[in-house]
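Asker: Using the sequences plus the hints, can you model the full thing?
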Amino acid sequence: MDRFDEEGPSGLYDRDREGRPPKIDEEVEQEIERLIEGSPTEEGENATRQAAGRIAEYLDRELDVDVHPETVREALNRLDYGWTRPRRKLPPTDPEAYKERLEAIVEAVSRVGPDASVLARDETTIKRFPPLRRQ
Numbered sequence: 001m002d003r004f005d006e007e008g009p010s011g012l013y014d015r016d017r018e019g020r021p022p023k024i025d026e027e028v029e030q031e032i033e034r035l036i037e038g039s040p041t042e043e044g045e046n047a048t049r050q051a052a053g054r055i056a057e058y059l060d061r062e063l064d065v066d067v068h069p070e071t072v073r074e075a076l077n078r079l080d081y082g083w084t085r086p087r088r089k090l091p092p093t094d095p096e097a098y099k100e101r102l103e104a105i106v107e108a109v110s111r112v113g114p115d116a117s118v119l120a121r122d123e124t125t126i127k128r129f130p131p132l133r134r135q
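Counting from 1, one number per residue, gives the positions in the sequence shown under full-length UniProt numbering.
Since the hints were derived computationally from the structure, they do not count as laboratory data.
In this text, all values refer to a predicted model and were calculated from it rather than measured experimentally.
Be careful, since some hints might not be right.
To be verified - Cut-off 20 Å, straight-line C-alpha distance, at most; resulting in silico cross-link-like pairs (SDA-like, lysine to any residue):
1. Lys23 to Ile36
2. Lys23 to Arg73
3. Lys89 to Thr48
4. Lys99 to Val65
5. Lys23 to Asp64
6. Lys99 to Arg111
7. Lys23 to Ala97
8. Lys23 to Glu74
9. Lys23 to Leu63
10. Lys23 to Leu12
11. Lys23 to Lys89
12. Lys23 to Arg54
13. Lys23 to Leu76
14. Lys99 to Val109
15. Lys23 to Asp60
16. Lys23 to Val109
Answerer: As structure tokens, then:
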């Protein structure tokens, strides 16, 4: 009410404030990005994918920055990373490579003879990849 008495109706509006300083500054964001671009095994972790909780623990242990995993996720959003589950996606098919594989299969089947039973040939490629990708 004092501001209203001194300034009139304009004194009722909120003023800009400093607010709480962010726990994750530019230096910590760079470290998060370095962790995301690398592998957890490079940091001595027994994991193949990064996780917000694991990154928060690392920041607390190595940089003495105590943050919640949700704060890490918010930083990842600012860095244009999407926090999603990995989705399996077939790689684009190269027609020349497909033709070579098909010829190799035909040759392998013809070598075993007419009395042999060919059940299957597995062409699966298993890849490890992190769930974090730039959006």
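Asker: Provide an ascending list of the numbers of those earlier hints which the structure does not satisfy.
Answerer: 4, 7, 10, 11 and 16
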